[in-house]
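A.B. asks: According to my numbering, the sequence shown is numbered sequentially starting from 144.
Hints are not guaranteed to be accurate.
Claimed, not checked - Straight-line distance between alpha carbons at most 25 angstroms, and here's what the computed DSS-like set of lysine-lysine pairs gives:
hint	residue 1	residue 2
1	Lys-246	Lys-166
2	Lys-166	Lys-154
3	Lys-195	Lys-260
4	Lys-297	Lys-210
No lab work stands behind these hints, which were simulated from the structure alone.
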Amino acid sequence: PPVIDQSLYPKTGGLSREAVTEKANAEGWHPVSFSIMISNLAQAITGVARQKTGAIHIPEEVIVDLKRRITEREGRSFGTHSTLAALVSRMCIDLSGMPDGQKCSVLSVADLRGRLKTIPPGFAGNAVSNIPSPVFNSGTTAQFIAEAVDESLKSVAGNPDRLEDFVLLNLY
């Protein structure tokens, strides 16, 4: 049966603002600039943020082929999420006309059910955490992006203590 007990979610522990900031900086998090906040506000007011885009369908054979090509080039394989994140990121970079040298990152959303000691697999609440990839150059290959996403997921989602820290940083 589903578990709905919200008290199972990790508690913040009452760290000071300075301690949270130090922890976030150590993990590579950065504050959102004032200009980005104004831009987001403008997009929300004008309705740009609510524009719908068409669905993207990527056939399974394309995913299998991409995973095969990455494995051949890199000598190692990546999961479907890392592969698709790399493909979609590369497509967005190319379609937006972003110049080489622009800093980019992929934000993955990890399901916490069964990954944290306190949240069982049947937890019915919102149990996710954001996991950013390391920053990469917009001119980089899909293979490099797949590796960056894969490494960030393994280093955070594969480590329950580090994952709990990320969850807590999302709560602060």
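A.B. asks: Next, verify each hint and record whether it holds.
C.D. replies: Checked hints:
1. Note on Lys-246 and Lys-166: the hinted pairing holds, with a Cα-Cα distance of about 22 angstroms set against a maximum of 25 angstroms.
2. Proposed proximity of Lys-166 and Lys-154 is supported: the alpha carbons are some 16 angstroms apart, at most 25 angstroms.
3. About 38 angstroms separates the Cα atoms of Lys-195 and Lys-260, which puts this hinted pair outside 25 angstroms; it is violated.
4. With a C-alpha separation of about 18 angstroms, the suggested pairing of Lys-297 with Lys-210 holds against the 25 angstroms cut-off.
Going through the hint list in order, the structure does not satisfy hint 3, though it satisfies all others.
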